[in-house]
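**Q** Sequence:
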Amino acid sequence: MIYLLRWTSFLWTVHFIPCTLGMALSERTDGSCPPLSVEDHMFSDVLDRPLEITGFDLTEKFLLRKGTITEDLPSFRLGGSPLIKPTKEIFPNGLSSEYSLVTIFRVRRTTKKDRWYLWQIFDQSGGSQVSVVVDGSKKVLEFSFQCQLKKVLRYTFKSRDLHALFDRQWHKLSISVQSNIVSIYMDCKLIERRLTDEKDAIDYSGRTLITTRIEDGRPVDIELKQILIYCDPYMAEMENCCELLGPKCEAKRTFNGTSPPLVTSQLPQMLSQPASKSIDRCHCPAEKVQSIPPNKGL
Numbered sequence: 001m002i003y004l005l006r007w008t009s010f011l012w013t014v015h016f017i018p019c020t021l022g023m024a025l026s027e028r029t030d031g032s033c034p035p036l037s038v039e040d041h042m043f044s045d046v047l048d049r050p051l052e053i054t055g056f057d058l059t060e061k062f063l064l065r066k067g068t069i070t071e072d073l074p075s076f077r078l079g080g081s082p083l084i085k086p087t088k089e090i091f092p093n094g095l096s097s098e099y100s101l102v103t104i105f106r107v108r109r110t111t112k113k114d115r116w117y118l119w120q121i122f123d124q125s126g127g128s129q130v131s132v133v134v135d136g137s138k139k140v141l142e143f144s145f146q147c148q149l150k151k152v153l154r155y156t157f158k159s160r161d162l163h164a165l166f167d168r169q170w171h172k173l174s175i176s177v178q179s180n181i182v183s184i185y186m187d188c189k190l191i192e193r194r195l196t197d198e199k200d201a202i203d204y205s206g207r208t209l210i211t212t213r214i215e216d217g218r219p220v221d222i223e224l225k226q227i228l229i230y231c232d233p234y235m236a237e238m239e240n241c242c243e244l245l246g247p248k249c250e251a252k253r254t255f256n257g258t259s260p261p262l263v264t265s266q267l268p269q270m271l272s273q274p275a276s277k278s279i280d281r282c283h284c285p286a287e288k289v290q291s292i293p294p295n296k297g298l
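Numbering of the sequence shown is given in my numbering, commencing with residue 1 and proceeding in unit increments.
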């Protein structure tokens with residue numbers, strides 16, 4: 001009887017340990033975000049960056065750029081072909097619920113007042129899941145998403161600092177998306193931060209587009225260097241702007257590895273302000289968010 005109990009205990013241990021290790025590995029491994037090859041000097045040396053950078057290079061996905069992402073990036077004119085693909089092709093294993101979107105572009109004289117999608121994911125019926133809209137006529141930026149009550153909410157960023165985004169010069173626009181906070185950075189400076197509702201899970205059965213005019217679904221006439229999505233909401237703050245400054249680039253240093261004093265001094269005020277008007281809240285009627293129909297521009 002004693003030998004039987006020992007043997008039973010041994011078999012239980014042999015079978016249980018691999019399961020336990022497998023559970024631990026699955027909990028710590030997120031296969032949704034592939035490694036992203038980015039040069040180290042693109043990040044501020046005063047901030048701790050992750051050992052492995054993960055994310056998606058949408059410039060590669062849509063415009064077929066290959067190789068390591070560097071400061072010396074080629075620029076693209078977007079042509080007339082629709083920049084739209086199945087979402088599963090762009091994010092085959094899904095997208096992290098918290099992320100950073102980082103892009104470098106400049107508008108042109110003919111399009112500086114256009115209203116266009118920098119990025120949008122929509123479902124099979126054309127309903128918007130998440131989007132970033134650049135509105136040149138109002139000089140604002142809009143971030144919208146579907147909340148957990150299945151309503152699409154829009155948050156409009158109206159800071160006057162965003163006006164420079166439309167001066168036909170190169171600018172880096174970065175958006176940090178956390179569970180309840182969206183932060184906007186331009187040229188490596190924090191512009192505005194808003195509290196938001198919880199976001200619903202994204203439906204990946206639809207399509208994803210970039211740099212597309214809302215009016216007709218055609219590519220907007222801008223010059224584009226990159227659109228990256230990092231699977232880390234803090235990467236938007238970690239990047240420097242050496243691509244814009246060229247040989248004069250010198251990473252900003254602070255003694256404690258935080259953002260420059262001017263920016264950090266504004267954060268308590270930003271977070272103490274109301275997150276949005278009542279229309280932004282999930283339990284109230286949401287603003288109507290226009291989406292390009294699935295069969296338009298295809």
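Source of the hints: derived by calculation from the structure; they are not laboratory data.
Careful, some of the hints might be misleading.
Only pairs whose alpha carbons sit at most 30 Å apart, straight line, appear in this in silico DSSO-like list of lysine-lysine [stated by the list, open to error]:
| no. | residue 1 | residue 2 |
| --- | --- | --- |
| 1 | Lys112 | Lys138 |
| 2 | Lys61 | Lys88 |
| 3 | Lys85 | Lys138 |
| 4 | Lys112 | Lys85 |
| 5 | Lys150 | Lys85 |
| 6 | Lys113 | Lys61 |
| 7 | Lys158 | Lys112 |
| 8 | Lys139 | Lys150 |
| 9 | Lys158 | Lys138 |
| 10 | Lys138 | Lys88 |
| 11 | Lys189 | Lys112 |
| 12 | Lys139 | Lys189 |
| 13 | Lys113 | Lys151 |
| 14 | Lys138 | Lys150 |
| 15 | Lys151 | Lys139 |
| 16 | Lys85 | Lys151 |
| 17 | Lys61 | Lys139 |
| 18 | Lys61 | Lys189 |
| 19 | Lys113 | Lys158 |
| 20 | Lys158 | Lys189 |
| 21 | Lys85 | Lys61 |
| 22 | Lys112 | Lys139 |
| 23 | Lys158 | Lys139 |
| 24 | Lys113 | Lys189 |
| 25 | Lys138 | Lys113 |
| 26 | Lys61 | Lys151 |
| 27 | Lys139 | Lys113 |
| 28 | Lys85 | Lys139 |
| 29 | Lys138 | Lys151 |
| 30 | Lys138 | Lys189 |
| 31 | Lys85 | Lys113 |
With beta-carbon atoms standing in for the labels, derived distance ranges [unchecked claim]:
| no. | residue 1 | residue 2 | range |
| --- | --- | --- | --- |
| 32 | Ser32 | Arg108 | 18 to 28 Å |
| 33 | Pro34 | Ala201 | 13 to 23 Å |
| 34 | Arg160 | Asn93 | 38 to 48 Å |
C-beta: ideal position from N, C-alpha, C; glycine also.
**Q** It remains to establish, for every hint, whether it holds in the given structure.
**A** Going down the list of hints, with the structure as the test:
1. Taking the CA atoms of Lys112 and Lys138, the gap is near 10 Å; set against the 30 Å cutoff, the hint holds.
2. For the given pair, Lys61 sits about 12 Å from Lys88 by alpha-carbon distance, which is consistent with the 30 Å threshold.
3. Distance restraint check for Lys85 and Lys138: the Cα-Cα separation of roughly 29 Å lies within the 30 Å cut-off, and the hinted pair is therefore satisfied.
4. Restraint check for Lys112 and Lys85: the C-alpha separation of about 25 Å stays at or below 30 Å, so the hint holds.
5. About 23 Å separates the Cα atoms of Lys150 and Lys85, which keeps this hinted pair within 30 Å; it holds.
6. Among the hinted pairs, Lys113 with Lys61 is consistent with the structure: their alpha-carbon atoms are about 27 Å apart, no more than 30 Å.
7. Between Lys158 and Lys112 the alpha-carbon distance is near 16 Å, which keeps this suggested pair within the 30 Å criterion.
8. Note on Lys139 and Lys150: the hinted pairing holds, with a Cα-Cα distance of about 28 Å set against a maximum of 30 Å.
9. The hinted pair formed by Lys158 and Lys138 meets the criterion: a straight-line CA distance of about 9 Å does not exceed 30 Å.
10. Our distance criterion of 30 Å between C-alpha atoms is broken by Lys138 and Lys88, whose separation comes to about 33 Å.
11. Between Lys189 and Lys112, the direct Cα distance comes to roughly 22 Å. Compliance with the 30 Å bound is thereby established for this hinted pair.
12. Straight-line distance between C-alpha atoms of Lys139 and Lys189 comes to about 17 Å, which keeps the hinted pair within the 30 Å bound.
13. A distance of roughly 28 Å separates the Cα atoms of Lys113 and Lys151; the hinted pair therefore holds under the 30 Å criterion.
14. Taking the CA atoms of Lys138 and Lys150, the gap is near 28 Å; set against the 30 Å cutoff, the hint holds.
15. As the CA atoms of Lys151 and Lys139 are separated by approximately 25 Å, the hinted pair is consistent with the 30 Å bound.
16. Proposed proximity of Lys85 and Lys151 is supported: the alpha carbons are some 24 Å apart, at most 30 Å.
17. Among the hinted pairs, Lys61 with Lys139 is consistent with the structure: their alpha-carbon atoms are about 28 Å apart, no more than 30 Å.
18. As the CA atoms of Lys61 and Lys189 are separated by approximately 28 Å, the hinted pair is consistent with the 30 Å bound.
19. Proximity of Lys113 to Lys158 is assessed by CA-CA distance (about 15 Å); at most 30 Å being required, the pair is judged to hold.
20. Only pairs whose Cα atoms come within 30 Å are accepted, and Lys158 paired with Lys189 is accepted, the gap being roughly 15 Å.
21. Taking the CA atoms of Lys85 and Lys61, the gap is near 9 Å; set against the 30 Å cutoff, the hint holds.
22. Under the criterion of a C-alpha separation no larger than 30 Å, the hint pairing Lys112 with Lys139 is consistent with the structure, at around 9 Å.
23. For the hint linking Lys158 to Lys139, the alpha-carbon distance of about 7 Å falls within 30 Å, and the restraint holds.
24. Restraint check for Lys113 and Lys189: the C-alpha separation of about 23 Å stays at or below 30 Å, so the hint holds.
25. Pair hint Lys138 plus Lys113 holds up; C-alpha atoms about 8 Å apart against a cutoff of 30 Å.
26. As the CA atoms of Lys61 and Lys151 are separated by approximately 29 Å, the hinted pair is consistent with the 30 Å bound.
27. For the proposed pair Lys139 and Lys113, the alpha carbon gap of about 8 Å is at most 30 Å, so the pair holds.
28. A distance of roughly 28 Å separates the Cα atoms of Lys85 and Lys139; the hinted pair therefore holds under the 30 Å criterion.
29. Of the supplied pair hints, the one linking Lys138 and Lys151 holds, its CA atoms being roughly 24 Å apart against a limit of 30 Å.
30. Between the alpha carbons of Lys138 and Lys189 the distance comes to roughly 21 Å, so the proposed pair stays at or under 30 Å and holds.
31. This hinted pair checks out: Lys85 and Lys113 have alpha carbons roughly 26 Å apart, not beyond 30 Å.
32. Taken as a hint, the range 18 to 28 Å is violated for the pair Ser32 and Arg108, whose Cβ atoms sit roughly 35 Å apart.
33. Checked against the hint of 13 to 23 Å, the pair Pro34 and Ala201 passes, with Cβ atoms roughly 20 Å apart.
34. With their beta carbons about 40 Å apart, Arg160 and Asn93 fall inside the hinted range of 38 to 48 Å.
This entry does not satisfy hints 10 and 32, going by the numbered hints stated previously.
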